[in-house]
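Keeping their order, the protein sequence lines are chains A and B.
If you count the first sequence from 1, position 64 lands on 65 in my numbering, and the numbers rise without skipping.
If you count the second sequence from 1, position 300 lands on 307 in my numbering, and the numbers rise without skipping.
The hints are simulated quantities; they were obtained by calculation from the structure and are not laboratory data.
Warning: the hint list may mix true and false statements.
[To be verified] In silico PhoX-like links for lysine-lysine, alpha-carbon gap of 25 Å or less: (1) A:Lys-85 with B:Lys-359; (2) A:Lys-147 with B:Lys-288; (3) B:Lys-615 with B:Lys-715; (4) B:Lys-19 with B:Lys-242; (5) B:Lys-99 with B:Lys-359; (6) B:Lys-313 with B:Lys-179; (7) B:Lys-179 with B:Lys-19; (8) B:Lys-208 with B:Lys-455; (9) B:Lys-615 with A:Lys-21; (10) B:Lys-208 with B:Lys-19; (11) B:Lys-280 with A:Lys-21; (12) A:Lys-85 with A:Lys-21; (13) B:Lys-579 with B:Lys-715; (14) B:Lys-208 with A:Lys-71; (15) B:Lys-288 with B:Lys-242; (16) B:Lys-615 with B:Lys-455; (17) A:Lys-21 with B:Lys-208; (18) B:Lys-615 with B:Lys-570.
Spelled out, the chains give:
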Amino acid sequence: MTVLLNVNGTPRRVAADPAKPLLWVLREDLAMPGTKFGCGAGLCGACTVHADGEAIRSCQTSIADAAGRKITTIEAVAATPAGKRITESWAVLDVPQCGYCQAGQIMAATALLAANPRPDDAAIDAAMAGNICRCATYVRIRAAIKRAAGAGA
Amino acid sequence: MTAVITRRMVIKAALIAGGGLAFDISAPVAAAGDGTIINAFVRIAPDNSVSIGASYPEIGQGARTMLPMLIAEEMDLAWSQVRAVPTIADEKAFGQQITGGSETTPTTWLPMRRVGAAVRQQLLAAAAASWGVDVASLTTADGHVSHAASGRRIAYAGLAEAAAKLPAPDEKTIRLKEPAQFRIIGTARAGVDTPAIIAGKPLFGIDVSLPGLAYAAIEMCPAFGGTIASADLSKASAVPGVIATLTLNTGINPGGGDDAVAIVANSWWTANKARETLAIKWNDAAQRAHSTAGYDTAARKLLRQKPQAELVRSGDAAAALAQAARRVEADYHYPFLAHATLEPQNCTARFKDGAIEVWAPTQWPEDGRELVTKALGLPPSAVTIHLVRAGGGFGRRLQNDYMVQVAQIARAVPGVPVKLINSRSDDLRHDYYRPAGWHRLSAGIDAKGRLLALTDHFISFGADGKTLRAAEFNKAEFPLQLLANTDVGQTLMATNVPTGWLRAPTSNAMAFVFQGFLDEVAAAGGRDLPTLMRELLGPARQLPDSDGMPGFNTGRARAVIDKVCAMADWPKTPPGKARGFGFYFSHRGYFAEIVEISLNQGEVIVEKVFVAGDIGSQIINPGNARQQVEGAIIEGLGQAIAGQAIELVDGAVTQANFDTYPLPRIDATPAIIVEFVISDFPPTGLGEPSLPPVIPALANAIHAATGKRLRSLPLNVALAAA
């Protein structure tokens, strides 16, 4: 069966089970492995992508549900205004350790910044608490979001 | 090509076809003193960019950035010239390749700098010969050689031909820079893979892509050590997309078991879903008798009995306890823990024509090669291992079970590359766990609060007098070496749980036990822990080496304790807050930490953590160093209060995902203030030693806030706040 997706502004026709999670379609069918598998249960945020600008867990979203929405992934998020500021900030502060969760962190942070250009600590915690960083780069994640928001260096 | 073999270093320089210069250098790890070598390669391209082989596995600790920094510094390169190149696993080509024990820094610090200095020396000699001037009249900077007198300047790449013709430099003439001359070492350098990570480029083991790639999911016996009684794979084989099904046995664990069923499909999602159709009966009656509740009951009974074996004994602890003005007694406990790397265990392999190629996110490739050669009956040369960036290690990837599993699966589908991926529950339920432990401690103090005697009965895991991996006791445990009367005994219980090294192994548990208990001892004597620590440490001196590791230096310990107390203005405490202190020495590093908390409606809020550490004379990459400490502090706090404990019921782990095995999240992140005490000792590693002290420091802070001692991990905060 074929499902039509819109990924990073490009229509993509995917021959896969409509129940297959978007995560695995991105990774296996569309050769976009930037979005990561962490828990398969919506508990860690490693698979975060945007659907119409909203941060969603792609491991919990079937392609049937993703169809008709504009999907943005880590591979293209830097092309959005908030994504550009976030990724630049991530690079300057050298946020990653192992780096595995960072795609999800960047997607969550970008959605936050797009919705709230000046997030305070409480807003950052609320938006980012769904994303686990096993290396615990949280100090720099917080600093990088603030830097991207122009609220500090 | 020139090759000169000196007693210690082997340096080979050769022209690269198409231009450029290649150096292959083998450098001994002097500190190891056992013939251990590390090899490096340096390739100077015609555009003067310099590729440096970063041969240590990268798990997020920064080795792929640090190793090139050491070489580039002594080569006098501009950092922008440097390309860090991943390597394959090959001990013949690269010497030691293992990421563990915080040993990367101590083993590479001098050898890799010597490599860089040797290359620079040869380039200088080439310039001197070409220009007919004295080497002493030449200088280097940013990958160029300059001759001030004549104003000549040449890029290293321009010296390729001349350098390749020269004999290798005499090792005796190689001079390392003085620290004051460092321009790369000691400056924060972003991770070499950071841009690719941020762009979502494929980097990790799980991202490996090969033409015709198939995916495998695996079903292992829930009860560790169980074997397959019967397995009906027919339904799984019939699932559309499934390519193959098979049973396998890796034979890794000495306890047996390791039976598994694997499903290979054109999608991992398909393979994993097809597991639901499997009908497997396990032989696991004996294994099902194991449970953590059973261990706890048994251990608490054993604590009251005489230990099976004596581990440490000095003076007459019984007599000293009998004469003590006051005795302190307490039982401590900590649970099994999983590693929970965010990238689940995975590995990719292709078996073809009697040889196997493996792409492995592993911390210890050569161990994997040994296991694969044994399991497949292949010569070591038939196993090629590509090192792939790992999404976290924490010691989990020092075990190579996934490598053997995927090798056996790949052999069943010759020519087809297969990527094995563990689901999150596979990963949590089939780990090599930090072992649980129980301690009964007694201490005697005199009228002034001085510690006279210390005893411990340690209940650990093992059989026939042999403790399991990471379940051992360190005989140099602080403060045993500093006391006249000690008595530590051990009793071992059997378990079916595979055990392994978790970041700061043994120390992550023992720090809690001994620094928590010493806080009790200090309080019983009417003093605080830093005061008791200073008294125990006495004058600055080096204690004897223990188990091949450098001995404890009381002066370095004292310095970090003094430092952290000054940073936090100890013993003052801000209003509404409470503070606890912890110190630990592990993996060659000295760390003292103070945790500041507040209580909010029965909840403990960790507000601030002060950290003072001594890892030697030089912080090589300060940005990364701070990250390693921050991560370790948050991880330690997570072990203490996030609620992490692996529970065994019917021989199997019950935790299946992050809802029941919680990891710390951003909203529990305190302010972390880090300072390094620079000492006159060689630089040592930082992946591990900052983690252990934060756990007792938090427990001690909770006591300061509530008057209650929490002696079991994870800390039951509700109990204290009640």
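Inset, instruction - Given the hint that Lys-99 of chain B pairs with Lys-359 of chain B, test it: the Cα-Cα distance must not exceed 25 Å. - result: Roughly 23 Å between the alpha carbons, so the hint for Lys-99 of chain B and Lys-359 of chain B holds.
Inset, instruction - Take the C-alpha atoms of Lys-147 of chain A and Lys-288 of chain B, compute the straight-line distance between them, and say whether it is at most 25 Å. - result: 54 Å, violated
Legend entry - Pair hint outcome, Lys-179 of chain B versus Lys-19 of chain B [Cα-Cα no greater than 25 Å]: Holds: Lys-179 of chain B and Lys-19 of chain B sit about 17 Å apart, inside 25 Å.
Inset, instruction - Compare the distance between the alpha carbons of Lys-208 of chain B and Lys-19 of chain B with 25 Å, and conclude whether the hinted pair is satisfied. - result: 34 Å, violated
Inset, instruction - Compare the distance between the alpha carbons of Lys-280 of chain B and Lys-21 of chain A with 25 Å, and conclude whether the hinted pair is satisfied. - result: Within the cut-off at roughly 10 Å; holds.
Inset, instruction - Assess, step by step, whether the Cα of Lys-288 of chain B is no farther than 25 Å from the Cα of Lys-242 of chain B, and give holds or violated. - result: 15 Å, holds
Inset, instruction - Would you mind confirming whether the straight-line C-alpha gap from Lys-19 of chain B to Lys-242 of chain B stays at or under 25 Å? - result: 58 Å, violated
Legend entry - 25 Å Cα cutoff - pair Lys-615 of chain B, Lys-21 of chain A: Violated, because 44 Å separates the two Cα atoms, which is more than 25 Å.
Inset, instruction - Compare the distance between the alpha carbons of Lys-85 of chain A and Lys-21 of chain A with 25 Å, and conclude whether the hinted pair is satisfied. - result: Between Lys-85 of chain A and Lys-21 of chain A the Cα gap is close to 30 Å, so the pair fails against 25 Å, i.e. violated.
Inset, instruction - Verify the proposed pairing of Lys-208 of chain B with Lys-71 of chain A, using a straight-line Cα cut of 25 Å. - result: 21 Å, holds
Legend entry - Restraint status (C-alpha distance of Lys-208 of chain B to Lys-455 of chain B at most 25 Å): The given pair, whose Cα atoms are some 63 Å apart, is violated under the 25 Å limit.
Inset, instruction - Could you grab the alpha-carbon distance between Lys-615 of chain B and Lys-570 of chain B and see if it respects the 25 Å cut-off? - result: 16 Å, holds
The earlier numbered hints that this structure contradicts are 1, 2, 4, 6, 8, 9, 10, 12 and 16.
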